[in-house]
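Chemist: If you want the building blocks of each chain, they are given just below.
4 protein chains.
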Amino acid sequence: MSASSPAQAQNLVNGEWHNTKGSRDIPDPMNGEAFIKLPDPQIDEIQPYVESLRSVPKSGMHNPLKNPERYNMYGDISMRAAEEMRKKEVEDFFTHLLQRVVPKHDTQARAEVTVTRRFLENFSADQPRFMARSFGVSGDHAGQMSHGMRWPWGPVGLVTPFNFPLEIPALQLMGALFMGNKPLVHVDHRVSIVAEQFIRMLHHVGMPKTDLDYIQGNGKVVGEILKQGHPRSTLFTGSQKVAEQLAVDLKGKVYLEDAGFDWKILGPDVMDFDYVAWQCDQDAYAATGQKCSAQSILFQHSNWVSKGLEKKLADIASKRSMDNLTVGPVLTWSTEAMLGHVDKLLKIPGARLAFGGKPLKGHSIPKQYGAIEPTAVFVPLQEILKDGNFEMVTTEVFGPVQVITEYSDEQLSMVLEATEKLEAHLTAAVVSNDAQFTQKVLANTVNGTTYAGIRARTTGAPQNHWFGPAGDPRSAGIGTPEAIRLVWSCHREIINDVGPVPSGFNGVTT
Amino acid sequence: MSASSPAQAQNLVNGEWHNTKGSRDIPDPMNGEAFIKLPDPQIDEIQPYVESLRSVPKSGMHNPLKNPERYNMYGDISMRAAEEMRKKEVEDFFTHLLQRVVPKHDTQARAEVTVTRRFLENFSADQPRFMARSFGVSGDHAGQMSHGMRWPWGPVGLVTPFNFPLEIPALQLMGALFMGNKPLVHVDHRVSIVAEQFIRMLHHVGMPKTDLDYIQGNGKVVGEILKQGHPRSTLFTGSQKVAEQLAVDLKGKVYLEDAGFDWKILGPDVMDFDYVAWQCDQDAYAATGQKCSAQSILFQHSNWVSKGLEKKLADIASKRSMDNLTVGPVLTWSTEAMLGHVDKLLKIPGARLAFGGKPLKGHSIPKQYGAIEPTAVFVPLQEILKDGNFEMVTTEVFGPVQVITEYSDEQLSMVLEATEKLEAHLTAAVVSNDAQFTQKVLANTVNGTTYAGIRARTTGAPQNHWFGPAGDPRSAGIGTPEAIRLVWSCHREIINDVGPVPSGFNGVTT
Amino acid sequence: MSASSPAQAQNLVNGEWHNTKGSRDIPDPMNGEAFIKLPDPQIDEIQPYVESLRSVPKSGMHNPLKNPERYNMYGDISMRAAEEMRKKEVEDFFTHLLQRVVPKHDTQARAEVTVTRRFLENFSADQPRFMARSFGVSGDHAGQMSHGMRWPWGPVGLVTPFNFPLEIPALQLMGALFMGNKPLVHVDHRVSIVAEQFIRMLHHVGMPKTDLDYIQGNGKVVGEILKQGHPRSTLFTGSQKVAEQLAVDLKGKVYLEDAGFDWKILGPDVMDFDYVAWQCDQDAYAATGQKCSAQSILFQHSNWVSKGLEKKLADIASKRSMDNLTVGPVLTWSTEAMLGHVDKLLKIPGARLAFGGKPLKGHSIPKQYGAIEPTAVFVPLQEILKDGNFEMVTTEVFGPVQVITEYSDEQLSMVLEATEKLEAHLTAAVVSNDAQFTQKVLANTVNGTTYAGIRARTTGAPQNHWFGPAGDPRSAGIGTPEAIRLVWSCHREIINDVGPVPSGFNGVTT
Amino acid sequence: MSASSPAQAQNLVNGEWHNTKGSRDIPDPMNGEAFIKLPDPQIDEIQPYVESLRSVPKSGMHNPLKNPERYNMYGDISMRAAEEMRKKEVEDFFTHLLQRVVPKHDTQARAEVTVTRRFLENFSADQPRFMARSFGVSGDHAGQMSHGMRWPWGPVGLVTPFNFPLEIPALQLMGALFMGNKPLVHVDHRVSIVAEQFIRMLHHVGMPKTDLDYIQGNGKVVGEILKQGHPRSTLFTGSQKVAEQLAVDLKGKVYLEDAGFDWKILGPDVMDFDYVAWQCDQDAYAATGQKCSAQSILFQHSNWVSKGLEKKLADIASKRSMDNLTVGPVLTWSTEAMLGHVDKLLKIPGARLAFGGKPLKGHSIPKQYGAIEPTAVFVPLQEILKDGNFEMVTTEVFGPVQVITEYSDEQLSMVLEATEKLEAHLTAAVVSNDAQFTQKVLANTVNGTTYAGIRARTTGAPQNHWFGPAGDPRSAGIGTPEAIRLVWSCHREIINDVGPVPSGFNGVTT
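Chains as they are written, first to last, in the working numbering: chain A, 11 to 520; chain B, 11 to 520; chain C, 11 to 520; chain D, 11 to 520.
Incorrect hints may appear among the rest.
Pairs involving identical chains hold if they fit within one copy or between any two copies, as the list cannot separate such chains.
[Stated by the list, open to error] Heads up, simulated SDA-like pairs for lysine to any residue below, C-alpha to C-alpha not over 25 Å straight-line:
#1 K47 with D282
#2 K322 with V231
#3 K98 with G229
#4 K450 with E79
#5 K47 with E492
#6 K377 with H351
#7 K450 with T429
#8 K450 with Q109
#9 K368 with A324
#10 K450 with S65
#11 K261 with E433
#12 K321 with D284
#13 K450 with G514
#14 K261 with S33
#15 K237 with D116
#16 K368 with Q20
#17 K261 with G229
#18 K396 with P67
Hints are computed from structural coordinates only; laboratory data are not their basis.
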């Protein structure tokens, strides 16, 4: 993939891979070269997608009573896809492809491939139908029994962002398929080529080609398909602004991931200093801060401050480098926008630059992308809480920028006031082994994925526990059986009542 | 309660019962007399409600880590409220009060009281906290374990309709409270006096007065409170039109019950003829057809038709009478509106009046309410499916009106085409003990509460199984542990990670 | 109940209360007077009991498919029994009756009544059938679905001890009944009059009289009924020696509670000193140490020792008195036996009497019962571990006697060696808020009910969490839904497979 | 493997494969040649096994709090073992090896391999820890929460029979390992070479060699190891007589599979005649009747008899042949023993030979094994129920012999009397799509794995639903998450109670 030999991406509908009339160029984030030719579907090309959605029965492609052999087929596909991904060359292929579109450290890129593979392993063989298990309760008389079943939505939409080009679409589309839905899938155009390759691999291991449609290109065109196609539910992960608009457009038939302004609180008990500092750095700056779970604000108990945590953080951050992609291009904020935001923060009384705050040097990252040093701005706690400042301080910068602050024992209530005011509820961390301290913070907060304990972190979207926001009926989870059951199926109650008719039946009307 | 001695209803906010500046009269549905004086709050009176909502922490009044003793308090309140309702005089009080505002047969009214009482018994003692149980999964290393918890929304809205004045608000508000929410409750103004009495009973048995706010009056004013008060979730049961608007206004942060156009299919195996006929009559006409679960369309296999089911249905319906309230006033459709709709149906080619279709006589039901005989219109199946007719035939008349039709073995696919086209997915019935027949129908439909078997019915909202629609991410359930967990709480994952730090820790940045 | 007016107890079989040919006197534990006349059935009187057991179908009185209305009947009985027990006079009646047969402090006796009542509330209305819920998984083809159901044993035995005359039989017999079994119930003869009254109350609130049989008298006679009657399962709580014999006699068809030699470890972090000391005293000496969950050995970290815990414990214990029954008669060990055991302990090198060790004075407790001061013997840790000493130190004295010892940071492994060697696995406590310390102890032990944290205790058999041993396939739990499902029902899988037959069926034999 | 080149089997203890001092020859069941040299450990060689068992901590090799990374290791091992078994050559290897020791049709042998592989796939990646999930319930005050956990037994025994040499040991030993136990494994000596190969494959894919011990040879020696080694639980599948003895020897610390006298009832509704007949033949005679789930008695409704089912069964059975191993050697009953049993049955009044009843011809099966034609004996229902006959009729012949009988509508109660009297409760089938008929039979029976519906069968031990008996506290299941949780782990409750101490604490002693 390069300017001289660009990759040609394709779309999929009704089981056919095809090109659109026009196409658009995707720039290489490392040097701006047009290295991918992407389909660019226009409104007049969407009809097949709309009809494909509309043709899906609302009882889905399968459900506990319909085509149950498809649960097993997906157990088989999932297992075989995992088997492919255990091959060194396939793992490397996805790792390197990932890095080309979202430059990040090899460890970070590879983790995404590994999590995806383990997720697939989790749903081998009988596990899809085990996930769709029902429950039954005896009725009021012989012959009656009620069954709570998990039913698919049928046609569904799935829109995912740029920062995890493999993991998010892979886990969500498989979840949709396991439960009997037919998804229309769209991934952010900058990175959608990765999921295309994943889908082609699924075909290779046996997935029927008509089981999902895939559309690369302009998000607005996809929005139009969703409006016309009436998916019964749509999962959206991406910018909170688009999410809120989509919620209105689709009348609330959505599951959303939340904005990612994530906090970390360091408790009064200082221990494992180097480890905690390292984890802070990873949470704030790994993948150049482009995780929805990135640490955006750090509340340090004075005990940590007096131990010199800030200097330690600066030291670690200073070792990040373009060379190994421990820092890299920012895809949705330009350098100017990020430094401009930092400048605004610095105007708050008492605020100061802790470290960073400068553009990266010696690179060919194109101008529309951002490139700055890992940056931390210290803002006094009492200033953060002020109405004028709060919104600015808690604006999510989707790049390597965090706010840090300090609190004393007496100021814990102010910290909790800040977490109460925050409207983003994705991840959080309470770094402390003090049982009563963590209990208090956890009891008074609602972030969907909250780590507690001295090894607490804000980042981590593994396949083994819920990852997603809390506190919103539209909240989506990803990857675990509970998340898939919630997002990709609904409750249906079937009550068998086969008789016999009661012996004393007398037909009184009421 | 009469014109000479009208009841005076009151509102509740911040623990205080109070009157509004103005008030409005509620007419007795049996004779039009103003028998209730209802609060009529205006926009300039809503501030306390808005502030009360806003003051609720998003972590709720309690959650698995905060004030867990409140789960037990609600187990105690629930048990004591049930104990009250087991007293003959209290049961009679609610039964009669119910009948005054929604005239229905004593059996129908009493069933609502009984279901409410059994629901309360279900959540005695430890059951609220058992319902809020979490699960835990071991982590990747010693000291790590993830916990999936049920977290409250905090401030919530709850709006319920006229037809079940006790059961729906009681079950939903208790569900909200069990899980740690503080609800603002509003019930349709025509019947809201019933829930007021229920709330007063809760206070009597120990519920803190500030645990919920109750507002009677104009629904639009309540809409404004919800807009300004930012409840984190709102449960709405009522007209589908209002529901869809609310979904947009509240950006999808809603749980909704669905429209109630419910179908019943009689299968090929005719048995228990009298029982099935009686159940059809009950499903269509009990409570004068004013149940969201009422049978709106009946697909009869030809085998039933040839046995004379239609005549049998007419016979049974003819015995319904104002005397014992087996038929009574319709609160949301006037006589003219219902008969006008019947006329339109009769213009469909092949359509004919099976029975009914006339105004009731000899009553004092006020003009704004409806009063007609139990009515059935036969429409040929092929006509039902036509685009022009389908919407009309499937319009929900919230009164004693149903459509009936016939199908042969070869026409089952047309019946399933009709159920696929229908957008209402609340209840349904497949009346058959033919295992392969019911399997096929169930596999290809999605109604949330579907009865199958020779004793199948469309009505019935007991406390022991899920009642609610399926096929929509906004779908609400009521009364069961699963429904309450879904509607009144969300998933929060807390991952404990207390260490120790890995022995080989080397601090490599990625 | 007194010598002049003794209570006359009766047995129940086939729905009839009746006297036996002979009877025996039960002495008042406070003064030795014969205050109860107990049935004394002989071998030639057991036939009705044997036949009653044998006549129970193995599919039980009800199961998810048979007589499901009985689940609701028991929901009703449970709720009504709780309602009775909420009456002050009924609560007092059971509290006082309890105290007469097992003299203990009013708080201790009343707690037993309260726990029983809350347990009953927990299984009101639909909760018995909710507890018996099944699960379903889709099969390999349309028409197939497997259902995991909870099935009763049918005829069962239930034998319970003297120390909780109400709570243990009440919770276990109700559990047996909820799940569809018919139990033969026997309670230790010294206290069986309490359960008789409880059963009579159940009859009063609607339990069919033939649903359980109750036999008071000689345990050996009951053993013979069990051998001849072939209960399909038997729950035994009582002496470990009898338990092991019964396990052999009934070929392992038993659930057992374990011996109660329970340990407590005080961790390195000293806090809440007074509270922890008080809890230690309660755990060791409340109910005169006659709880299977009583603290039998206390491992004190040196930090606690140096704070003076031993003296504090002595102070608290010294306030216990016959006057308010904070100390009282011991029903299964005589004074001589207990003091003899203490003497043996004191012969271990380094052992010394920490406090107590003397007979109580000024009482009329009859000689066959015991009466001594709360007693603690300090034994050095290294001596405890020695083979000759270990069995003696870890012999459960069912009275107010405990062993205390001390360990340093380096000796934690010796403490864990002791807990590993112990064969009793009922309750335990790790008193520490040090996350890594508790993690380590919990990870390496197996006691069934283990409290951890600074408020940890060994006693407490509430109705809201599992109480029972771990580490033995015969382990019984009590009172919670999980315990009842385990002990009083089994898994039955029913796989529906209604067809259709596969289209390509060719009948190849394999 | 042949007489000229016999296979040399080995035992495994403490991670070392080794030979015993002596060895024994295993005859080829097709020709009697000594084709395997088996270890033959004597009592003086068992010490390492005993010590290995005794050295396992009772908290297991891992548990939810100890070494949780081992759950993931086993997810990995399970996945990799499945990957191996998907290789054609490995599948063929096990299929052929199986057939050498238990000659059966390729389809039957291959199914065993497939089920084992799918089972392994089911527990890939995170599924072992998901299976070990705990649940949590809030406590009575802040800081308290109870957790119900799944704890291993630690050292366990596992003894499995000859008829499924791969599936039963593989599923059970992996279940034991997943949950943290260390098993001592023994398989019937005639077939134990298969499991040896499976264990070597596990080592190949990463299982630590010390994680299980494997002993081939004499069952009595194994019994001695179990007595001395004190496994905390033992799973035994095999003869009911040995099972009952083991239950006594191990004091009930066992899980058992039941005897396999399995019934099938054909209901009144005759349909899919050829299919049902074929399934009857498969259930009775596949694997030469050597399945614990084989159909041992067939109750035919008269409607089936009058359609000529018996002749049809005879026709199908007559096509079974040694050539393709649709009939083959019987390993535990000699020809004489089986035909002698048939003769006894034929002496019952009204009994007659339906078909079969002759020795197989033209084979080299050694004399100690059996070889007869598929055989059915008709016995009149009223005779079956007679006391003298019942035990004989219901004796399980572990070979191709079944009893058939007939009943009319009026005689259903006699059929149910027979199923009630039967003491074997493994599998059963109710072949009928009549909802009320199957409901009645299912409600009144207790077989652990019961199929119902027109496609019902008695055989089938897949990995996706419970397989095992019901009605006995010692009942073992196999392969599903529920079975593994039950058989290979127990409930442990850990209650965290970290404070704070109640503010009004006053230290009153009770």
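Chemist: At most 25 Å between C-alpha atoms: does K261 with S33 qualify within a copy, between copies, both, or neither?
Modeler: Neither: 32 Å inside a chain and 34 Å across chains, both beyond 25 Å.
Chemist: Given identical chains, is K47 near D282, meaning Cα to Cα at most 25 Å, within a copy, between copies, both, or neither?
Modeler: neither (49 Å within a copy, 58 Å between copies)
Chemist: How would you classify K321 and D284 at a CA-CA limit of 25 Å: within, between, both, or neither?
Modeler: Within one copy, since 12 Å is at most 25 Å while 43 Å is not.
Chemist: At most 25 Å between alpha carbons: which applies to K377 and H351, within, between, both or neither?
Modeler: Intra 17 Å, inter 65 Å, cutoff 25 Å: intra-copy only.
Chemist: Go through the copies and call it for K450 and T429: within, between, both or neither, with a Cα cutoff of 25 Å.
Modeler: So K450 and T429 pass the 25 Å test inside one copy only (13 Å; across, 33 Å).
Chemist: Within, between, both or neither: how does the pair K261, G229 come out at a Cα-Cα threshold of 25 Å?
Modeler: both (18 Å within a copy, 20 Å between copies)
Chemist: When no copy is specified for K47 and E492, does a C-alpha distance of 25 Å or less occur within a copy, between copies, both, or neither?
Modeler: Neither: 38 Å inside a chain and 48 Å across chains, both beyond 25 Å.
Chemist: Are the CA atoms of K450 and S65 at most 25 Å apart within a copy, between copies, both, or neither?
Modeler: between (51 Å within a copy, 19 Å between copies)
Chemist: Can you give me the call for K368 and A324, within, between, both or neither, at a CA distance of at most 25 Å?
Modeler: within (13 Å within a copy, 68 Å between copies)
Chemist: Treating 25 Å as the Cα threshold, decide for K237 and D116: within, between, both or neither.
Modeler: Close neither inside one copy (39 Å) nor across copies (47 Å); limit 25 Å.
Chemist: As a check of your reading, is K368 near Q20 (CA-CA no more than 25 Å) within one copy, between copies, both or neither?
Modeler: Close neither inside one copy (39 Å) nor across copies (63 Å); limit 25 Å.
Chemist: Reference check for the pair K322 and V231, CA-CA at most 25 Å: within, between, both, or neither?
Modeler: neither (47 Å within a copy, 56 Å between copies)
The structure does not agree with the numbered hints 1, 2, 3, 5, 8, 14, 15, 16 stated previously, though it agrees with the rest.
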